[in-house]
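Spelled out, the chains give:
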Amino acid sequence: MIYEPSFVAVAIFAAFVAITLGISFYLGSRAKSAEGYFAAHGQIPWFVNGVAFAGDYLSAASFLGICGMIASYGYDGFLYSIGFLAGWVVALFVIAEPMKRLGKFTFADALDARFQSRGIKLAAGISTLAVSVFYLIPQMVGAGVLVTPLLGFPHWVGVVLVGVTVIVIVVTAGMVSTTWVQFLKGSLLVVFSLVLTVMILSRGFEVRKGGIDGYEFQRLVLPDRAALGGGDEPVVGLPGQTIVPPTGAWKDTEFVRLKDADTGVVTVWSQRELGSGVIELVEAQSVDELADGSVLVNGEPKGTEKGEPELHPVGFVSSLPDGKEKTGPLGLLSFFSTLQNSEVVLWENKTITEEDGTKTTVYFQKPTPGSRVLRPGEHPRFRGIRSDQFRDKLNFLSLMLALFCGTASLPHILIRYYTVKDGASARKSTIVGIGTIGFFYVLTLYMGLGAMTSGSMDITQNNMAAPLLARSMNEWLFAAISAIAFTTVLGTVSGLILASAGAVTHDLVTNVLGISLTDHEKVRVAKISSVVVGTIAIVLGILFEEMNVGYLVGWAFSVAASANLPALVMILFWKGTTRQGVVAAITVGMTSSLAWILLSGDTFAKVYGLPAEMGIVPFSQPGLVTIPLGFVTLIVVSLLTRD
Amino acid sequence: MRARQNKIGMTLFGVYLLLYVGFVFLNAFAAETMEATPLPGVNLAILYGFGLIVMAFVLALVYGFLCRDTGEAEVGEETKDDL
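Protein chains in written order, with numbering that gives the first Met the number 0: chain A, 0 to 642; chain B, 0 to 82.
By construction, these hints were calculated from the structure, which means they are not laboratory data.
Quick caveat, the model's predicted, so the values are computed rather than measured.
Cβ coordinates follow ideal geometry from the N, Cα and C atoms, glycine included.
Treat each hint with caution, since some may be false.
[As the list claims (entries may be wrong)] Cβ pair distances, simulated, as ranges: (1) B:D68 / A:G575: 28 to 36 Å; (2) A:G330 / B:A35: 40 to 48 Å; (3) A:P368 / B:T32: 13 to 21 Å; (4) B:F28 / A:T252: 55 to 63 Å; (5) B:V14 / A:F572: 14 to 22 Å; (6) A:K365 / B:A29: 56 to 64 Å; (7) A:V530 / B:L60: 39 to 47 Å; (8) A:V206 / B:A35: 46 to 54 Å; (9) A:E304 / B:L60: 20 to 28 Å; (10) A:V220 / B:A29: 35 to 43 Å; (11) A:V264 / B:A29: 32 to 40 Å; (12) B:V61 / A:V220: 53 to 61 Å; (13) A:V206 / B:R3: 23 to 31 Å; (14) A:V235 / B:A35: 43 to 51 Å.
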C-alpha cells in the first residue's frame, strides 16, 4: 500500500510526543539521587504505579501484534492476550511481595539478598541484559512499522527516531519520568481502545466486495473448463480477457492468469472446483518482482503516489446471517453471534518463482466461515492443536507455559515493584495493573475482529491493523491511536533500557567489578550504558525489519521465564537453595533457551532463510523444556553444594 | 501474618492455575469442544477466554481484600494512604 502523510495526523502526533517529552524533562529535573533515578525514591503512588504497570506491559507487541494477528487469523491472536494476562496472577500471588521485601534497585539485588555473591550478581545482570535486548527488538521494529504510514518515512527512520527519543528521555530523567510517561500512556491506550471498540460496535458489519478504496473484487462461476477459452478466445463473462497458458512454475497451481487484450495487463485469479466440472474464478492480487528489479502490482508498474497502481486494501464480510446486507449497531455479545454465522474473506499468499528470475507473490481470497474465525487453531503456528499427533501439540503447550511464567520474570516489570513504598502498595498497584491490562485485552478481540472486517487492512503485513482500523473511522482517531502506539513503544523501550542500565551499573560495575561509585558517578555510568544499549537496540531494530512484531515477544518471554523464574521462585520458597544452584540455574536456563531458539525451525525459516525442516529441535517454543530444566538444575546443584 | 498471606496467595494461585490448565488442555486435546456454543452464537473459546481474564481480576480483588491489613511500610515514617 502507498502511505501518504496527512497534516492533521502529523500535527497531533508531534503534539503528543512533545507533551510526553515535556513531562519527562519537568519531572526529571526533580530527581537527582541514584535512588531517585532508578527507583523514583520509592514514592510513586500505588494507583499511578498500577496504571504504569499497564503502560510498561502493553507494549507494541500487545497492541500492534495481537490486533494484527486477530485481524488476519481470528481467535488465535487472543490466545496471546489470555497468556499475557495469566502471567500477572503468578506475579501477584507468588512473586510481588517477597520481591519487594528483598530488593533495593534490581532483580539481581533480590536474588542476591541472602548470599552476597558476585557470581549471582554477574549471572542475574547478564540475564537481565539478554532478556531486555531480546524484548527491545520487537519494540523497535514496531516503531518503524508505525512511522511508515503516519509520516511516510522509511522503516529505519522510525527506528532511529524512537531510539534517539528514548535515549534522551532515559538520560535526562530516569524512573520518575518513565513512570509518569507510562501512566499517561497506559491510560490513553485503554481509553482510546474503548472509543475504538464503541465505534466498531456501533458501525456493525456490512457485506462488501472489496476494501475501502471502493475497488470490488470479481467472482465468476463458469459451467466448465471450456468456458475459460484459450488462444484468442476470451473467457466467458469477461470480454477482452484471454487466458495465459500455464507454463513453468505456474503449471499445476490453483491460479489462472488472464491478459487484457487492449492493455496487455496480466492479472492473477484463483480457481476453485465447485463440483461436476463447475469452476469459480476469484480475483486475486499479485506483486511481480522482475529480474531487472522493477515491480509490478496487479500487472501494472507499481506507483509511488496515491491514485497510482497499488495493492488494494482488504478485509471484508462476504455474507451475513439471513442474507442481510448490513447489521447496524451491535451489542457486546451479538457482535460475536453475528460474526459466528457470517462469512469473512481472509487472504493467503503464495510465492511463485519462474525460470527467468521473476518472483510473483499471489495474494488470494480464502472465504472463511465466521465459526472458524472465532475458534482456536487457524493460525499456522497453532494448527498443531488440530493434529492427531501428540508432538504437534507441544509447541502450543510450550508457548502457553512460557507466557504464564514469563511475566513475573521480566526485569522491566520487576523493577516497577521498587517504585512504591511497601509491600501493600506493591500489591495494590498489581491489582490495578491486572484490572487495566485485563480490560484492554478484552478489547483486543473486538479491535482485531473489527480490523478484520474494516476493509482497510494492508495485505502484505498485519502489524498495522489497529492504526489502519482507526483510519477507516476517521483521520483524527488514526493520528491519536498512532501517537499512542508510538508513545507505547517509547515507554516500553525506556523501561527496558533503564532496566539494562540498572543491571550494568548496579550489578556488573559496582558489585561484580567491585568498583565503588558515588551516587553521582552511578547515575553517570547508567546514562552511558543507556546510550550504548539504546544504540544496540536501534541497530537490531533495523536488521529485524521483516520479523513479525508479536513473534519475538513470545521468545523474550521464554528466555525470561527459563533464566529467571526458577531462581526467583526457589530463593523465595526453598530454604535449601545455594549460591551455586542459583548461578547454575540462571546460566543453564538462559543459554539453553537461547540455543533452542537459535536452532528452531522457525528461526531457520524466518531469520536464516533456510528450510524450516533443517531446524534441529523438535518444536520452536523452548519453554516446555527449558523452564523445568532451570528448576532441575537449581535443585540438583543446590543439593550437591550443600554445606 | 505473613504465613497466612502466603497461604491465601497460594490457594488463589492454585484456583487460577486449574482454570488456566483446563483452558490450555481443552484447546490442545479437545479443540472441537471450544466450538460449542453455550450461549446462542457465542462459542466456548470466547466465553472461557473472557472468563479467564475476568477471573484474574476477581481473584486479585479477593486477595487484596483478604490481605488488606498486611504489608504496610515497616520502617521509616508511615504515610497513610498514598492518593
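A quick look at each hint next to the structure:
1. Range check, B:D68 to A:G575: Cβ separation about 31 Å, and the 28 to 36 Å hint holds.
2. Distance hint check: the CB atoms of A:G330 and B:A35 are about 21 Å apart, inconsistent with the given range 40 to 48 Å.
3. Between A:P368 and B:T32, the C-beta spacing of about 18 Å keeps the proposed range 13 to 21 Å intact.
4. A C-beta distance of roughly 36 Å is found between B:F28 and A:T252, which places it outside the suggested range of 55 to 63 Å.
5. About 18 Å separates the C-beta atoms of B:V14 and A:F572, a value consistent with the hinted range of 14 to 22 Å.
6. Between A:K365 and B:A29 the beta carbons are some 26 Å apart, a value that contradicts the proposed interval 56 to 64 Å.
7. Distance hint check: the CB atoms of A:V530 and B:L60 are about 42 Å apart, consistent with the given range 39 to 47 Å.
8. As the Cβ distance of A:V206 to B:A35 is approximately 27 Å, the hint placing it in 46 to 54 Å is violated.
9. In this structure the supplied range 20 to 28 Å is violated for A:E304 paired with B:L60, their Cβ-Cβ distance being about 54 Å.
10. At roughly 38 Å, the beta carbons of A:V220 and B:A29 sit within the given window of 35 to 43 Å.
11. In this structure, A:V264 and B:A29 break the distance hint of 32 to 40 Å, their C-beta atoms being roughly 50 Å apart.
12. The beta-carbon spacing between B:V61 and A:V220, approximately 59 Å, falls within the hinted interval of 53 to 61 Å.
13. A:V206 and B:R3 have their C-beta atoms about 59 Å apart, which leaves the hinted 23 to 31 Å range violated.
14. At about 44 Å, the CB distance of A:V235 to B:A35 agrees with the hint of 43 to 51 Å.
When the structure is compared with the earlier hints, violations turn up for hints 2, 4, 6, 8, 9, 11 and 13 and for no others.
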